[in-house]
Structures are given as C-alpha cells and as structure tokens.
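Trainee: Add chain Z to chain X, keeping to what the hints say.
Protein chains: 2
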Amino acid sequence: MLPESIYKKLTEPESVALVGVTSRTGRGSNSPLEVLLKRGYQGRIYPVNRKGGELLGRRTYTSLQEVPEIPDLAVICAPRRAVIELFSQCADKGVEVVIITAQGFFDGDEAGFKMQQELFDLAAKSKTRILGPNTLGIVNNYHNFCTSFIDFANPVKPIGITCQTGTFYLGASQLCTGIGIIVDSGNTADISVTDVLGYLARDPNLKVINIHMESLPHGGTRFMEAAKDAVALMPVIIYKTGSSPAGSLAASSHTGSLSGEDRVFEAAFKQSGVIRAADIEELGDLNKAFCTFNGIKGKRIGVVSISGGAGVMAVDACTRLGLEIATPSQATFDQLEELFPSWAHCSNPMDMWPTSYINGYQNSYRRILEAYLEDPEIDAVICMTGSFLPPEEDFLDVTGVIRGIAGRYPDKPVVVSSCGNYYRYYEEELEKENTVVYYFSLDRAARALAGLYRYHHQIKNKDHRTAVPAVHPGQSQAAALLAGKTGNLSQADALSLVDSYGIPTASWGQAADLVEAKALAAEIGYPVTMKILSPDIVHKSDVGGVRLNIQNAHELEEAFTAMYTAINQKLPDARLDGVVIQEHLPQGLELLLGSKRDPAFGPVLAFGAGGIYTEILDDVSLRVTPLSREEIKEMIGETKISKILAGARGAAAVDQELLISCLANLSDLVLANPSISEMDLNPLIAYPDRVVALDARVILG
Amino acid sequence: MLPESIYKKLTEPESVALVGVTSRTGRGSNSPLEVLLKRGYQGRIYPVNRKGGELLGRRTYTSLQEVPEIPDLAVICAPRRAVIELFSQCADKGVEVVIITAQGFFDGDEAGFKMQQELFDLAAKSKTRILGPNTLGIVNNYHNFCTSFIDFANPVKPIGITCQTGTFYLGASQLCTGIGIIVDSGNTADISVTDVLGYLARDPNLKVINIHMESLPHGGTRFMEAAKDAVALMPVIIYKTGSSPAGSLAASSHTGSLSGEDRVFEAAFKQSGVIRAADIEELGDLNKAFCTFNGIKGKRIGVVSISGGAGVMAVDACTRLGLEIATPSQATFDQLEELFPSWAHCSNPMDMWPTSYINGYQNSYRRILEAYLEDPEIDAVICMTGSFLPPEEDFLDVTGVIRGIAGRYPDKPVVVSSCGNYYRYYEEELEKENTVVYYFSLDRAARALAGLYRYHHQIKNKDHRTAVPAVHPGQSQAAALLAGKTGNLSQADALSLVDSYGIPTASWGQAADLVEAKALAAEIGYPVTMKILSPDIVHKSDVGGVRLNIQNAHELEEAFTAMYTAINQKLPDARLDGVVIQEHLPQGLELLLGSKRDPAFGPVLAFGAGGIYTEILDDVSLRVTPLSREEIKEMIGETKISKILAGARGAAAVDQELLISCLANLSDLVLANPSISEMDLNPLIAYPDRVVALDARVILG
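The listed protein sequences derive, respectively, from chains X and Z. Numbering-wise (the numbering used here), the first sequence opens with residue 1 and increments by one. Numbering-wise (the numbering used here), the second sequence opens with residue 1 and increments by one.
It should be emphasised that the hints constitute simulated quantities derived from the structure, not laboratory data. Among the hints, erroneous ones may be present.
Repeated chains share a single entry, so a pair holds when one copy, or any two copies, can fit it.
Below, a list of computed lysine-lysine pairs in the BS3-like style, where the Cα atoms sit at most 27 Å apart [said to hold, decoys possible]: (1) 570 - 643; (2) 640 - 432; (3) 596 - 297; (4) 9 - 596; (5) 643 - 540; (6) 596 - 640; (7) 462 - 633; (8) 93 - 114; (9) 643 - 596; (10) 518 - 460; (11) 207 - 297; (12) 432 - 8; (13) 9 - 270; (14) 460 - 485; (15) 633 - 518; (16) 127 - 460; (17) 207 - 125; (18) 299 - 596.
Chain X extracted, bound-state conformation (with noise of 0.2 Å):
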C-alpha cells in the first residue's frame, strides 16, 4: 500500500529538490528545472549540483545535505552511473519519495538489473519510496507541477493517467486528448500503477482515468482489487502493450517484466470493471464522451442525418455495438412530417436532406434535433451533418444550432461526425462549450455512446466485491493425497483428488495387469472405457492409450493386449503401471473444466468445449480466481457451446447449477491447493440431469 501522504508528496509537494539536475538551459538542454519554472510551480524548489551556483536565477545546492529542509519530493536527474549513490543521499536526509529518471536497470543490462534490485533492496530499509527508474515522472496540472525535463504541450482535461512508458507520457494530449494528472511508473521498482489507482480515483478534479500498462510487476490481485474500487467510482479505460507474444517479449525488454497471457488480462479487466481500450484512437474517443457527459439513461439511439447513406452507416455501428435504433414516439413523428415532402418518408435515422430544400437547413436541423431531445423514447442522438463547404462560405452551418440545443439538454448525450475537408473546425466549434462530442465517423460517435452505456448501466453499480472461498469438506483428504508428490499427479490420483471435492466422476478403478482389470470391469459393469496408466504419459489418445465402450471380457483382453503392444512400440521408455478402468457412458456434451496458475493473477479458471475441439475451436472463456457463482454463471455464457447446454435444436437442456457447482468446487481446490499449476477435466460430460468428469490431468509444479 502506498500512504495517502506520499501519493501527495509525490503529485503536490510543496518542496522538490531536483538532484542532479544539468547545468544546461535554453533549447534541447532538457532540464527538469526550467519546466517547472515555466509552469508556474509555487512550491519550494532545490537545484541540487555538484557545481553549486546559480541556474535560472535560482541558488543551487552542491549536495543535497545543503539543502535546508527536507524536501517532499526528490528527482534524481543524473545518468544511472550515479542514481545508487544519491538514492542514498536523498534516504539519509530523510526525503519519503524519490523519482528516478535514467533508463539502464531492468530495461538495460546485468549490470542494470542488479543495481534496479540494489535500489530496491535499500528503499526496503530505509523507507524511502521509489517512482521509476525510467521514467518522466509527474504531472498535476491542478498543482502546476511537472518532473518532465521536456515541457510538452499540454490541454487541461479531467483525466487521471498512470502508465509505464514515456510515450503515453509525452503524447498524452495526442492519445489521451488531455491530461489532469499522470504518474508514469516506468520500470516499476517500487510504486505501480495499482498503488495511485484509489488516489485517482478519489480526486474531486478529476472524470476518467487511464491505464497503460504492459505487466504487472507487482501482482494482479491487487491490481484487481484497486480496479474493484476504482471502478465504482470513475470510469477506468485501460490501454493495454506486450499483448502479443512478440509485444510481450519486445515489453521485457523495455521494463524487465514478462507481460503474461493476455487472455488473462482480459478476463481481470472484464471482472473488474475496467473497460479495455482496443486501440488509442477507442481511448481518446470515450475520454472525450466521459470528460463531457455525466450518464446516459438508456441505449435508443436517434440519429439525424444529413443523407439516407450515413443514417445507413450510423445504424451499421449501432447494431454492430449492441446499441439500439431508437423507436421515436408517434407525436414526434406528426410533428415533424409537416416538414418534409409528401414522398418522403419520416423514419429513424432521419434523412433531413429533403426537408432542408423546403425549409431551410439550419431551421429543419433545430427542429428535429429538438422533436428528438424531447422524445422520452431517445436517449441519445447521433447527428451526421456536412463539413464540405469553407466555413465562411458554409451555409450548411449547424454547429451553433446543434451545441445550442445539446446545451438545453444535458442528460441526452449529443454526438456529431461529419462528412468534408473542414471536419476540424466542426469539431472545434461543436466542442467549444463542452456539451456536444464530436467524432471523426460515425463507427466511432457509436462506440463512444457504447462505452458511456456499458460503463453507467453495466459496471458502475456492478457490485465488484470478490467472493472469499469457504474451506472446503474435502480440503484434509485432498492435502494429504497431494502431500510430497510432484510432477504429474496419476490419472488414478487426479480422480481421487477432483472427487474429493465433490467432483463427479464415473465409476472407475485401477488394474496393475490384465486378470485384475477383467475382474474390476465385471464389477464396474460392462460396458467399460480402459485407459493406461503411467506417469509419463500426458496425451493418452495420442499413443493409443485409451480404448472406448469394451463390451465384454474378451474384447477387454484384445484391447489389453493391443494398448501395451502400441505403447511399447511409441515410447519403450513410458513406464507402464497397469490401466484404469472406467464406466462407459453414453453420449453427452463433452466440456473442458481447466485451471492454470498465471504468475500475476493466481489461478484462473477455463470453461469451454471439451474433447478434440477445445483447441480447435477455441470456445474458451476464462475467469480470475475466487469467484461468485454469478460469475461463474457468466463465464459460461460467454462461450458458444452454452447455447447446446441452453438446449439448442431440441435437445434437453443441462442442468447449469450442477455445472455452477463443478466450477465452484474446481475453484476452491485450486485456491486451496497452490501446488496445483495446472489441471484440466476434458472431457467432462453434460447430461440433463449429471455431470460426470470422465478424466482428469493435475500437474504439480
């Protein structure tokens, strides 16, 4: 946790030594100090040099010791030769929070990476907190403070960044449209982005904060946790790097961490309410929604248009986006017809071309835009007008007209996009008083209003709170079956252990040799499913390790005989211990229930279709561990086989709550049991009224 006191010593320190600060000023000198002076800092400042003098009309200090107070903040400006030496200057004067700028640790060589873990080992014992390295820093505009030895243009907007690379940081206003605050946490020896997440988030000055992140140095349960509470608060957008494998290896190197399977990061955003941002173009555009309106009452679009092709596209985007084309009430309907030809038809999306010859442009846009704002079945517009004409010639003007009456109507939100070369001065001109939102497309005007709907109906009043799992029956008999052992638990264990925790699975037994499986198969019940057991066998299908529907003791023997003979001849080293005998069932819907251990998250669970098709298919949905049985009930839905389950084409439906309760009970074994890196049941069976896990492959590690 970081103290509420250093996250304010870092963002608004009433005093900054800048150590190691260059004596160069003027143009590419890139000094941190004339930034800050530039932008109106009022808090106390400390050159810190080994030259001593004066710099910018301000007395500089030839060491830190000189200075005659204890800063609240320290910016360690000097190559990373010297950042060891006066991190621990600035430890022994006391300074609680220190930024350091030089690339070269986790990001650079050896030598780097052991001095990243030095610097982190001494802020451990002196309690002197860590911003970087490989950072800019921070911006507060509400404090007029920067740490930024390069000053960058720079629009005002309600926006909390915290990010991990200098480029967000310096292209904030390209990407993010804006900035309130930014914490660029770099390389992220000590402090994270999770840790100013809360601070964010309760800031009074602030609408929307984003992420950029590509790893999480510091572990995904917090950073869950933070979101958790952030999100309740104020909309969360996340631009996550490193999702590729080859982004993820790039992003290693660029600040020491492994960024982990982006699957996982998706399902963690999704849990936690954070809206993932696909590109920087999706992050600009539900900036500039969330920073100018407060809510949206439902998703019935109205859309008025210049022609009968754009409405076209607007509905495209809005069904593309889960938004629905608004049914405008009858009245609107009978108000407006008045004003179109007899021949044309009046219909959501509007074509207001044709009334525009009759009544003028401008005058038919007023009276449309408003019949829509005032009709309770629209809950927000889309306007599509021209931008063909050279605004002084523009007798098509309607940007006074539009951000006019959006004014009036500050709970319907108002979207524009144009078509023609003077887009940009649509944009500026509609923005101007902060009521109207304009959008290069219509694709995108849509999916601004999707964000602004998902966020308000879908996550702000989501209650997020995570499920602490309750210590199962079965958890004594699962620890002591998994005591000692490692590697790949036996197929006959990895039954035991899913059994135990009131996992169903079909009736089966083992065999060391042949009399013994016959004997165990009459007792079973014919007909059987044989399967080999050995400790070096993972895929058993794949060396013929599994034979189906034995239907009496001598097909046993010759499937006996046939499974040994095949193995051996595959891979004469697998130790061979015998077969595991099993209940043969009828057909069902096979399933996979799986688990794997991520390194940031914990354990994450899978659900999807089972059998050669889970990877072929791809039919897979994950979930962050514990989770409700809500959730659980959602990650089923998300895949395509649910709808089989459902009871699609006739068939009988399964019964969920036994499938709710298979996932719940994989959950708590794998909470329970952290020496479980890996396990999957595939397949297990789905029948109307049972489920039945028909193998099981647990991986110790």
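Mentor: Positioned in the frame of chain X, the structure of chain Z alone reads:
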C-alpha cells in the same frame, strides 16, 4: 455493359446541358452551373431553364430543343415531378447519357417507385443511359468537370471512387483523402458501380479504386467479374454499408434495394480480390499507402522508435496483422551498436532514445533509418517519433531527416507515427514530397503496410478467373429426379440426388412399414440407423425422428414403435411415409456441406463443422460458385475444423481430395439445377479414407 463511348461522355463530356438548372445564384443557391464555371470546365455548357435569359453571363435555353447540338451529357437538375418529362426530351434530342439528381424515387414513396420503373423502361426504349436518380453525379478532376450543385473542397489524388451516396461524394476528401474521379450511381436505376469499375482501373491517372456499396441491385456475378478484372490492374478497396440486418433495412429505404447477407458479400469480395475496409479510416489509410508506394518486397518490418514503450505497441500491431518483425543482419547491428551506451541492447524494435543523449536525436535517427533501409533483411520501416513540441521549438524534429532518406529508397515503404499534440505538423511536413506516409497511430501504420503486402503479394498476380463448370455425368439423372417437384425433397429423393452427383452416401433404403424396415435392415446389415420419412418434417432429430445404432431386429421394432408414437404426439398432422434405414457408421468427424441461392450472387457454398456444432459454433466458410478446386481448398482451410481434418492431436488426417471432390460436385449440382434454392448435407462424416453423407436436405423454390 456500358460502352466506353458512354463512359467518356459521362466523365469527360465535351458538352453538357444543365436541364432545369436553378435561376438563383450565389450562397445557398445550389447551382451546378456556378460550380462548373468555378471549376474551369473547358467544354460547352448549355443551361436550360424555362425562363430563358442569361445566367452568370451565359445564354440560357428555354428548352433542350433549342440547344444547337446534341450535348454529350445532360444533367436533369429539376425536382422529381418534372423528371420524366425532361428525360423524354433528352431521349428525343438523342442525348446518350443523362444524370438525374432528384430524390424521391426508389428512396421515396410508391409513386416514386413507379416513376423510377418508368424511367428505366423509357431508357430501355430510347437507348439513353441514366446515372441516378438520387445522385450528385460526376467529378473528374482531370477534366475540371463536376455536376454537383455544391462546390466542396476537393484535393486531387489519384483515386477513382464509385459510390451510392452523396455522403461519400461530398465527404470524399475526408473519407478517401482526395478524389481523382468520382461516379455516384445513387439509386442505380441503370448505370451501376459494376459498369464503371473497368474504366476506372484502366485510367492512367489513377492508382487506386474505392467503392462504396450498399447493395448490388444489378447482380453480384457481373460485379465479381468486373472486380476480378480490375484488381489485376489496380487495388480496389470497398466500404460496404448496410451490413447489419437493421442497416440493410435502412439501406433499402435509402436506395430502394435490400443489401443481402453480409457474409456472402464478404466471400465475394475475398474471391474477387477486393479489399474490404472495416471503417472509413482504414479506407483513407490504405489510399494514402497505395497513392504513395508502388509496392513492398516482403513483410519483414523494421521499427525505429523514440521509446521502448512505443516499440512494444508497434510489435503488437504488426504481429496482429500478420507482419513479421524483421531480424536485421548482424552487419546492421555492428554498425549501430557504437551509437549506443554500453548498457543498451541494439535490437529491433530499435529504442533510439539512449543514443540520442550521446549522438543527438536527428543524427541518431538518420544513422539508424539509413542502416535499416540498406539492410536486405528489412522490407519496410515503421518510424515512431515525438511531436510534443511546437514546431518552432522542436529540437527533436526529424521530419526532414525521414523524408529525405525515404525518398532515396522508393522500394521500401517508410511510414511514420508520433506521440504528441503537434502531429498535424508532422503529417503535413512528412507527406510533402509524397515519399512517406504519416499515420495517427502505430496500429494504423501497421494496418496500411499489411494492406500493401496483401495487395502486392496475395491479390495482384493471383489468377482470379472463374472456372467454367463442366457438365456432370449425373446431370440427366438429377434433372429427371427434380422435374416437376417443389418444396422439400423427400429424404430418399435428396439422397438419390446427392448420389447422382457422385457424393457418397451411406447404404440406405426406404421402408413403408415395420415389416419392410426389418427386411431392409437385414439386407444392409446391423447396426443400422432409422429416420422418419415425411415431407412435413425438416429437422428430424428435433421431433425424435432419428434413432442411431440399432443392433438387431428386436431393437428395431421397439424403436419404430416409439418413433411413430412420439411424432404422432408432437406433430399429429405430419404425413408419415415410413422410414429410411441406413447403415450405421462408426464415429467420424461430422461436417456440413451446404448451398443457398443468394439473390445477388447465385448459389453460395458453405462448409464447416457439422451436427450440433454447425449453428452453435458458427465455424462455416462461404464461397460463391463456380469455384476452382484451389479455391475449395482455401475455403476448407479457413475453418477451424480443418485443423482436425489435417490430423490434430494424433488423429489420422482425412484425405482432403475426397472432400474437395464432394464440394466440387455439390457446386456443379446447384449450378446446373437452378430449382434448388437451398440444400445441405449434415452430417457428412469424414474418415481418413472415406467421406459419407448421412443426411441430405434439399429445398426447391
């Protein structure tokens, strides 16, 4: 077919009559005469207006008869009530092509619908061709010609555009980035997108074609032929709207025609080599690339970045789009390593910030970019830089450096993105000499390179010609079987039909009652499958009309009785004609082969996962017929289930030639028998050396 002479008269007329032109002039007058004069059109202009007199210093004719020649082109500018009369005058005069701008035809009420029909009939009689109605007509920037009544900003770029909406026409400079020639076919009463494709593709002024399409009122087959012809000459990019069901409905009220199923369009575009842009930004981005770069040698991308974080983003984007991150040659690294501090890696993506401290930013950028472009292991370069300083203070400005170097390597595309507020300055400066393209984001930069690669390596030189299907030996048998039939074909007829075209079916026969069924089963040999035989039941398994794996006569009897009882209960009115008895086949891979007649494209083939998985997993690929065996192979390869066919997870691979033959036969069958409106084989079961259709459903219409 549109004769070349008509296309020339439409786009490069030597004389034009503006029939019904407004007598108003100035702001808001919507006068096409004013626009045409302003454009500096050098041909002869004949304004026609009942009032006569003079307009903008030109003699105005009171009727077309008065005009002293037969103009190449007439533009009817009057509202719809006057259109038919004016069109007749044009036809009487002998004008060969007419543009009709008015709205209110197929896009209006019933009267308008009839008027468009009447226009079409008149045109057929008189041989006068029509562009429109509901169109803004033509722009030809190489002829200073324009028929619009609004003069819009219009940068000249070598782009040929053909569209169905005024939005695209007026917004082209924003949506497409510029215009060379534009043809708006509006409601497409006559001249269509298809008609002009070939002429645009042969125009030496142009480098890329853009299509905006809502529907194909004049058929898909001709469009595909024209498109295949065009893509061999020039990239063709399409922006298809009306893609959602709601959007299709909106399109139908816009231009009066339903757009058809989007997935079929998707298949047709793919088969024709037309690149589909997901949104208008992709359209503009690809245009910029195709207007600037004549090719790209491969897909190995070098990344030069101001920051490591941005390098990660570039890698994500390239990987997602199927590009490769280049491995530069050792010589390149050897040469560049000296630029870097000892702790830094020299790798691709190249984070060049650490060198800029030592060697200066511009100098480092120059050295790295040159080395990359010299390296034979790199085919194209994505540059990322900072645009966060005002141009006059920007000591990191590398626009001149990049532009200069890129100009020397015309065979290697260089695209640039940046972070920071002043990106518009970067865009303008970099694109000055048409050697480099700037993109707002790295995602968009990578997408443009991927588009270049796709066109030059996967489309341009591919043989898109359509295979002409030979007459299948089974045709006379099939024709006899189908003669006089309508509605659902019986199971027996359906299987016979499939048989006749050489698609293997399981041994089967039909039985009118239980006695016959028993005899048949004995003949075929147990185990057998039994299915109800009824003209009234399409989905047999939904009503208990299918029983698998019947082992003996006793089981058969039980099953027969149970089936009849169940169906009589569920569907008391269904006619039951007995049962089909079929050889029971061992488990294999269930596939779906199907076909459906599309209103625009004719028979469309479908291939994918069969059985219950078909609808649920939606793993189906489509192709328009006819198609080559090579295309069938691609079609199969597009599905996820093809991985199982290829032998995933130790399963034996299925002989794909057998499957290709089935699809080729199915294609021949539906092409030769137009009465088949829909059919499927589901499941077709695939084994390593055999494929067998188990069930066939054929609907005649």
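Trainee: Looking back at the hints listed earlier, which ones does the structure fail to meet?
Mentor: 2, 3, 4, 10, 12, 13, 14, 15, 16, 17 and 18
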